[in-house]
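Protein chains in written order, with the UniProt record's numbering: chain U, 1 to 361; chain V, 1 to 269; chain R, 1 to 292.
Possibly wrong hints are sitting among the right ones.
Said to hold, decoys possible - As a list, the in silico DSS-like pairs of lysine-lysine whose alpha-carbon atoms are at most 27 Å apart:
{"hint": "1", "chain 1": "R", "residue 1": "Lys-254", "chain 2": "V", "residue 2": "Lys-227"}
{"hint": "2", "chain 1": "R", "residue 1": "Lys-77", "chain 2": "R", "residue 2": "Lys-254"}
{"hint": "3", "chain 1": "R", "residue 1": "Lys-129", "chain 2": "V", "residue 2": "Lys-41"}
{"hint": "4", "chain 1": "U", "residue 1": "Lys-113", "chain 2": "U", "residue 2": "Lys-153"}
{"hint": "5", "chain 1": "V", "residue 1": "Lys-95", "chain 2": "R", "residue 2": "Lys-286"}
{"hint": "6", "chain 1": "V", "residue 1": "Lys-8", "chain 2": "R", "residue 2": "Lys-106"}
{"hint": "7", "chain 1": "V", "residue 1": "Lys-227", "chain 2": "R", "residue 2": "Lys-129"}
{"hint": "8", "chain 1": "V", "residue 1": "Lys-62", "chain 2": "U", "residue 2": "Lys-113"}
{"hint": "9", "chain 1": "R", "residue 1": "Lys-254", "chain 2": "R", "residue 2": "Lys-129"}
{"hint": "10", "chain 1": "V", "residue 1": "Lys-8", "chain 2": "R", "residue 2": "Lys-104"}
{"hint": "11", "chain 1": "R", "residue 1": "Lys-129", "chain 2": "R", "residue 2": "Lys-77"}
{"hint": "12", "chain 1": "R", "residue 1": "Lys-184", "chain 2": "V", "residue 2": "Lys-8"}
{"hint": "13", "chain 1": "V", "residue 1": "Lys-95", "chain 2": "R", "residue 2": "Lys-184"}
{"hint": "14", "chain 1": "U", "residue 1": "Lys-168", "chain 2": "U", "residue 2": "Lys-121"}
{"hint": "15", "chain 1": "U", "residue 1": "Lys-121", "chain 2": "U", "residue 2": "Lys-109"}
{"hint": "16", "chain 1": "R", "residue 1": "Lys-255", "chain 2": "V", "residue 2": "Lys-227"}
{"hint": "17", "chain 1": "R", "residue 1": "Lys-184", "chain 2": "R", "residue 2": "Lys-104"}
{"hint": "18", "chain 1": "U", "residue 1": "Lys-109", "chain 2": "V", "residue 2": "Lys-170"}
{"hint": "19", "chain 1": "U", "residue 1": "Lys-106", "chain 2": "U", "residue 2": "Lys-168"}
{"hint": "20", "chain 1": "R", "residue 1": "Lys-254", "chain 2": "R", "residue 2": "Lys-57"}
{"hint": "21", "chain 1": "V", "residue 1": "Lys-170", "chain 2": "U", "residue 2": "Lys-153"}
{"hint": "22", "chain 1": "U", "residue 1": "Lys-153", "chain 2": "U", "residue 2": "Lys-103"}
{"hint": "23", "chain 1": "U", "residue 1": "Lys-155", "chain 2": "V", "residue 2": "Lys-170"}
{"hint": "24", "chain 1": "V", "residue 1": "Lys-8", "chain 2": "V", "residue 2": "Lys-90"}
{"hint": "25", "chain 1": "V", "residue 1": "Lys-62", "chain 2": "R", "residue 2": "Lys-254"}
{"hint": "26", "chain 1": "U", "residue 1": "Lys-103", "chain 2": "U", "residue 2": "Lys-113"}
{"hint": "27", "chain 1": "V", "residue 1": "Lys-90", "chain 2": "R", "residue 2": "Lys-57"}
{"hint": "28", "chain 1": "U", "residue 1": "Lys-103", "chain 2": "V", "residue 2": "Lys-170"}
{"hint": "29", "chain 1": "V", "residue 1": "Lys-62", "chain 2": "U", "residue 2": "Lys-106"}
{"hint": "30", "chain 1": "R", "residue 1": "Lys-57", "chain 2": "R", "residue 2": "Lys-106"}
{"hint": "31", "chain 1": "U", "residue 1": "Lys-155", "chain 2": "U", "residue 2": "Lys-109"}
Derived by calculation from the structure, the hints in this document are not laboratory data.
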Amino acid sequence: MTDPIIRLSGIDKFYGDFQALYNVNAEIRTGEFFSLLGPSGCGKTTLLRTIAGFEDVSAGHVEIAGQSMDNVPANRRPTNMVFQSYAIFPHMSVAENVAYGLKARKMPKEQIKTAVEAALKQVGLAGYGDRASHAMSGGQRQRVALARALVLKPKVLLLDEPLSALDKKMREQMQSELRHLQRAVGITFILVTHDQEEALTMSDRIAVMFEGRIGQLASPQELYRRPVNREVAEFIGVMNFLNVSVTNGAGGTFDCEIAGLGKATIPAEQAPGGVDASVTAGVRPEMLTILSDENSRSEREASGIVQDVYYYGDMTYYDVQLDGVDHPVTISMRNTAGRTVLSRKDRARVGWGAESVLLLK
Amino acid sequence: MKSGTWFKLYIGVFLIFLYAPALLLPVFAFNDSSIVSFPLKGFTLNWFNVLWETEALHTATKNSLLIAVSTAIIATSLGILAARASSRYKFRGQKAVMGFIMVPLVLPEIIVGVSLLVVILQMGFDLSLWTIVLGHVLICTPFCVAILSSAFLSLDQSLEEASFDLGRSKLATFWLVTMPLVLPGVVSAMLISFTISLDEFIIAFFLAGTEPTLPVYIWGQLRFPQKLPSLMALGTILLILSLTLLATAEYFRRRSARKTGIEDAGGFL
Amino acid sequence: MSGFAKWRRSEEASGWLLVSPTLVYSILLLAAPLAMVIALSFWTQDYLDLDKTFTLKNYIEAWSEPIYQTLMARSLKISAFVTALTILLAFPVAYYVSFYVPQKRKPLWIFLITIPFWTSYLMRIFLWKVILGYNGVVNGSLLGLGVIEQPLSFILYNQNAVVVTLAHAWVPFAILPIFVALEKIDRSLLEAAEDLGDGPLRRFIRVTLPLAMPGVVAATVIVFIPTIGDYVTPRLVGGPNGLMISNMIELQFKKANNAPLGAALALSAMFLVSVVSLVFVWMNRKYLVGQK
Ligand SMILES: Nc1ncnc2c1ncn2[C@@H]1O[C@H](COP(=O)(O)OP(=O)(O)O)[C@@H](O)[C@H]1O
Ligand SMILES: [Mg+2]
Numbered sequence: 001m002t003d004p005i006i007r008l009s010g011i012d013k014f015y016g017d018f019q020a021l022y023n024v025n026a027e028i029r030t031g032e033f034f035s036l037l038g039p040s041g042c043g044k045t046t047l048l049r050t051i052a053g054f055e056d057v058s059a060g061h062v063e064i065a066g067q068s069m070d071n072v073p074a075n076r077r078p079t080n081m082v083f084q085s086y087a088i089f090p091h092m093s094v095a096e097n098v099a100y101g102l103k104a105r106k107m108p109k110e111q112i113k114t115a116v117e118a119a120l121k122q123v124g125l126a127g128y129g130d131r132a133s134h135a136m137s138g139g140q141r142q143r144v145a146l147a148r149a150l151v152l153k154p155k156v157l158l159l160d161e162p163l164s165a166l167d168k169k170m171r172e173q174m175q176s177e178l179r180h181l182q183r184a185v186g187i188t189f190i191l192v193t194h195d196q197e198e199a200l201t202m203s204d205r206i207a208v209m210f211e212g213r214i215g216q217l218a219s220p221q222e223l224y225r226r227p228v229n230r231e232v233a234e235f236i237g238v239m240n241f242l243n244v245s246v247t248n249g250a251g252g253t254f255d256c257e258i259a260g261l262g263k264a265t266i267p268a269e270q271a272p273g274g275v276d277a278s279v280t281a282g283v284r285p286e287m288l289t290i291l292s293d294e295n296s297r298s299e300r301e302a303s304g305i306v307q308d309v310y311y312y313g314d315m316t317y318y319d320v321q322l323d324g325v326d327h328p329v330t331i332s333m334r335n336t337a338g339r340t341v342l343s344r345k346d347r348a349r350v351g352w353g354a355e356s357v358l359l360l361k
Numbered sequence: 001m002k003s004g005t006w007f008k009l010y011i012g013v014f015l016i017f018l019y020a021p022a023l024l025l026p027v028f029a030f031n032d033s034s035i036v037s038f039p040l041k042g043f044t045l046n047w048f049n050v051l052w053e054t055e056a057l058h059t060a061t062k063n064s065l066l067i068a069v070s071t072a073i074i075a076t077s078l079g080i081l082a083a084r085a086s087s088r089y090k091f092r093g094q095k096a097v098m099g100f101i102m103v104p105l106v107l108p109e110i111i112v113g114v115s116l117l118v119v120i121l122q123m124g125f126d127l128s129l130w131t132i133v134l135g136h137v138l139i140c141t142p143f144c145v146a147i148l149s150s151a152f153l154s155l156d157q158s159l160e161e162a163s164f165d166l167g168r169s170k171l172a173t174f175w176l177v178t179m180p181l182v183l184p185g186v187v188s189a190m191l192i193s194f195t196i197s198l199d200e201f202i203i204a205f206f207l208a209g210t211e212p213t214l215p216v217y218i219w220g221q222l223r224f225p226q227k228l229p230s231l232m233a234l235g236t237i238l239l240i241l242s243l244t245l246l247a248t249a250e251y252f253r254r255r256s257a258r259k260t261g262i263e264d265a266g267g268f269l
Numbered sequence: 001m002s003g004f005a006k007w008r009r010s011e012e013a014s015g016w017l018l019v020s021p022t023l024v025y026s027i028l029l030l031a032a033p034l035a036m037v038i039a040l041s042f043w044t045q046d047y048l049d050l051d052k053t054f055t056l057k058n059y060i061e062a063w064s065e066p067i068y069q070t071l072m073a074r075s076l077k078i079s080a081f082v083t084a085l086t087i088l089l090a091f092p093v094a095y096y097v098s099f100y101v102p103q104k105r106k107p108l109w110i111f112l113i114t115i116p117f118w119t120s121y122l123m124r125i126f127l128w129k130v131i132l133g134y135n136g137v138v139n140g141s142l143l144g145l146g147v148i149e150q151p152l153s154f155i156l157y158n159q160n161a162v163v164v165t166l167a168h169a170w171v172p173f174a175i176l177p178i179f180v181a182l183e184k185i186d187r188s189l190l191e192a193a194e195d196l197g198d199g200p201l202r203r204f205i206r207v208t209l210p211l212a213m214p215g216v217v218a219a220t221v222i223v224f225i226p227t228i229g230d231y232v233t234p235r236l237v238g239g240p241n242g243l244m245i246s247n248m249i250e251l252q253f254k255k256a257n258n259a260p261l262g263a264a265l266a267l268s269a270m271f272l273v274s275v276v277s278l279v280f281v282w283m284n285r286k287y288l289v290g291q292k
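Given these sequences and hints, build the entire structure.
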């Protein structure tokens, strides 16, 4: 890997007395598709805007391509932004919008024209240059915004929830287009989103943010399979939590008694935050199985009552109340041929494995 | 009768009440009689001809135009600054400052007139057309601030940020993005200030030196019954002028709204 | 970066910098002159010379002389009547435009309502003289219809004429704020009231009117305060018994050459209308608790 394209070190941001960012540290790699993921109001936009230069940091430093951005205003940073509202200039045509930044660079007219056409083609808007920008649909405006930023060949493209205003179908189409576009141009993308599915499917790496802090920065797989704490685990996908008491913590493993499941020995790497009295056991719905009559009795088997059944066609989700636990756990099962779907109030045999249990704080 | 019918009847009567003076103005302007009262006599254009021949009227008109144009330019410029500050920036004491700037909106004009008169005389300045401009700018600025604030507020802030992000300076952003998009508001503010100033009497009467404005001139003439019909003709011209200006402003506002696709958010005031 | 440079870039500083020309203008030409008038009201004028020793003489005179008392009381009364009449006239119109006129036509209606306002101010007042006069439009019509046999004389050159003329001048300014307040009312609130069993009248009194009150209050203040300062209308249509305090203020400043007394009268009038307005606003706050 080459040097990081962006290095954020110790960033604090205050709005008056309100602290929006707390000591944010991160390195974003050259050419990667990076996402800032988190619930609404956690500071994603604020962080993106400090990178773009629209907000002064209260403490810490932003470095882009090895250069300190401390005194560099937004119009001289090698970043460009796709705004949430797209911010297409309504009094200019599509081509004028795309040419806007190039004109500031005093590029010759002919060159601008060629560049604009190439950029429009790249986003699938070839031939739309003369259209009035306000007559474009939401999806088209977004493409104009992309072309307008990409034509400047920034080192980093910043996208603030660019897909949230689109309807579901359009959004899914744009997700794959954005991904392809990013591979084609090779520019580092930083995407802000509150949609975990979007972040998981599109990104090389994701920073999950809560209340102004980065909770975890990792690849999608690692985030899902090895969340570092309860907060992250709950935000990414579904996670069942069960009370646990740790009886012995010697020799790199923990001997546990998990409520509703039973005894297990869990390796230390499945307890990323260490272990203390506040720790709970987390297990994903697909890591639990509903056992059928053919399955012989095994040691890793628990029992409970089916509370609710959600049938999705390819999958079935069960809410099962394990014996001795006061809240139900969610279990997902693929509906393969011959597997019977249980009903409410049925007794269920639940299979599990120690390798899929995490100890989280 | 249904309540809706009574309602419509009331609205009809109200509109007659509202329009009565404006409708009578042209009636008497073309009435071939030297007394302004019913019954009407024949049709004449004579009263408009009289206007052509009245030198004093022309001087007063020139004075008023000079005042109105100056007022429109100064009040709109002050309005742009204050409206921009109130709609884009947060600073301590903002509410108090903006409230203070808007005070002339509810202040009786006689107070404005009197207080400026006192200060100007105390400082030893002479009354002139410029002293009237000072007063008119004061009462027109709140109107400009109101119109321009809504223009600035309806402008998506990320448009300016996008321009800055694309490499333009703040100044270039202001001229290339902000100005074109708030231009209809600027034109409205200018035209409204112009119209208010052209018609303002109470302050002008206090602050006028030896040179009268149009309303001050009209006030002087109202005492002479034989002048009244030609004043009606003058009033008709002024009414048409005001309406033309307003219609022009509205036209430009609509056209730019259409061109930029921004939602039509109502008219003046 | 130095602290000062940082401050200069901050939002606070940019805001103040931008607003300062307008603010300075207002301070120099509004606050300073008002302060000057206040000072003046405590001085005395002897022909052309100003005696700058502090005295309450002007105020004592303004508040004790019967003529000033009469004028002040009459002015307050006329302003109050004008305000009440204006609101009564304006409310149904604002209501009609907001609730009965289709959305697309509303701007046109608002435009229609403001047009007469652009008739020359002096002409408008003068034309009311023509309308209300002995041989005027009203008398002519009524005589023609056979409703009356002698022209009515109580409609011009008295306080009624002043009230009607001023109400006409101010009514567009009352319609606009009330209209805006009515437009802000979420229509589903009205449906909810109906759904909960209110008839049209109860719904109006319990939901629409309270929610429209901010507009009514704004309209009241916008009309009531400036009305006290009009000296043209009373002069043209008021007759001897229709004169108001502003005519006296004008007289003191111009012909009588007693600016200090004029200043005391003007400030007293301002004080009275402000107090009345504040009481009105305060009462509305008090009786309409829980509202923004
Ligand atoms: N200009 C501002 N002034 C004050 N508070 C702000 C400002 N911008 C954002 N905030 C606050 O900072 C927090 C983070 O905002 P933001 O970065 O927009 O969140 P996100 O994009 O993750 O939804 C929010 O609580 C928000 O209210
Ligand atoms: Mg955001």
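Okay, the hints, checked on the actual structure:
As the CA atoms of Lys-254 (chain R) and Lys-227 (chain V) are separated by approximately 25 Å, the hinted pair is consistent with the 27 Å bound. Our distance criterion of 27 Å between C-alpha atoms is met by Lys-77 (chain R) and Lys-254 (chain R), whose separation comes to about 25 Å. Restraint check for Lys-129 (chain R) and Lys-41 (chain V): satisfied, since their Cα atoms lie roughly 19 Å apart, inside the 27 Å limit. Simply put, Lys-113 (chain U) and Lys-153 (chain U) have alpha-carbon atoms about 15 Å apart, close enough for the 27 Å limit, and the pair holds.
Between Lys-95 (chain V) and Lys-286 (chain R), the direct Cα distance comes to roughly 23 Å. Compliance with the 27 Å bound is thereby established for this hinted pair. This hinted pair checks out: Lys-8 (chain V) and Lys-106 (chain R) have alpha carbons roughly 16 Å apart, not beyond 27 Å. Restraint check for Lys-227 (chain V) and Lys-129 (chain R): the C-alpha separation of about 15 Å stays at or below 27 Å, so the hint holds. Simply put, Lys-62 (chain V) and Lys-113 (chain U) have alpha-carbon atoms about 51 Å apart, too far for the 27 Å limit, and the pair is violated.
Between Lys-254 (chain R) and Lys-129 (chain R) the CA atoms are separated by roughly 25 Å; this keeps the pair inside 27 Å, and the hint holds. For the hint linking Lys-8 (chain V) to Lys-104 (chain R), the alpha-carbon distance of about 19 Å falls within 27 Å, and the restraint holds. Under the criterion of a C-alpha separation no larger than 27 Å, the hint pairing Lys-129 (chain R) with Lys-77 (chain R) is consistent with the structure, at around 21 Å. Of the pairs offered as hints, the one joining Lys-184 (chain R) and Lys-8 (chain V) holds, with about 23 Å between alpha carbons and a cut-off of 27 Å not exceeded.
For the suggested pair Lys-95 (chain V) and Lys-184 (chain R), the alpha carbons sit about 22 Å apart, so the restraint of at most 27 Å is met. Taking the CA atoms of Lys-168 (chain U) and Lys-121 (chain U), the gap is near 24 Å; set against the 27 Å cutoff, the hint holds. Only pairs whose Cα atoms come within 27 Å are accepted, and Lys-121 (chain U) paired with Lys-109 (chain U) is accepted, the gap being roughly 18 Å. Straight-line distance between C-alpha atoms of Lys-255 (chain R) and Lys-227 (chain V) comes to about 25 Å, which keeps the hinted pair within the 27 Å bound.
A hinted pair counts as satisfied when its Cα atoms are at most 27 Å apart, and Lys-184 (chain R) with Lys-104 (chain R) qualifies at roughly 16 Å. A threshold of 27 Å between alpha carbons decides the hint, and for Lys-109 (chain U) with Lys-170 (chain V) the separation of about 23 Å falls inside it, so the pair holds. Between Lys-106 (chain U) and Lys-168 (chain U) the CA atoms are separated by roughly 40 Å; this puts the pair beyond 27 Å, and the hint is violated. Distance hint between Lys-254 (chain R) and Lys-57 (chain R) is fulfilled; the C-alpha atoms sit about 20 Å from each other, no more than 27 Å.
Of the pairs offered as hints, the one joining Lys-170 (chain V) and Lys-153 (chain U) holds, with about 22 Å between alpha carbons and a cut-off of 27 Å not exceeded. Distance restraint check for Lys-153 (chain U) and Lys-103 (chain U): the Cα-Cα separation of roughly 14 Å lies within the 27 Å cut-off, and the hinted pair is therefore satisfied. A hinted pair counts as satisfied when its Cα atoms are at most 27 Å apart, and Lys-155 (chain U) with Lys-170 (chain V) qualifies at roughly 22 Å. For the suggested pair Lys-8 (chain V) and Lys-90 (chain V), the alpha carbons sit about 46 Å apart, so the restraint of at most 27 Å is broken.
A threshold of 27 Å between alpha carbons decides the hint, and for Lys-62 (chain V) with Lys-254 (chain R) the separation of about 25 Å falls inside it, so the pair holds. Distance hint between Lys-103 (chain U) and Lys-113 (chain U) is fulfilled; the C-alpha atoms sit about 10 Å from each other, no more than 27 Å. Distance check on the hinted pair: Lys-90 (chain V) and Lys-57 (chain R) sit about 46 Å apart at the alpha-carbon level, beyond 27 Å; violated. A distance of roughly 15 Å separates the Cα atoms of Lys-103 (chain U) and Lys-170 (chain V); the hinted pair therefore holds under the 27 Å criterion.
Simply put, Lys-62 (chain V) and Lys-106 (chain U) have alpha-carbon atoms about 47 Å apart, too far for the 27 Å limit, and the pair is violated. Restraint check: the Cα-Cα separation between Lys-57 (chain R) and Lys-106 (chain R) comes to about 54 Å, which exceeds 27 Å; the hinted pair is violated. Proposed proximity of Lys-155 (chain U) and Lys-109 (chain U) is supported: the alpha carbons are some 24 Å apart, at most 27 Å.
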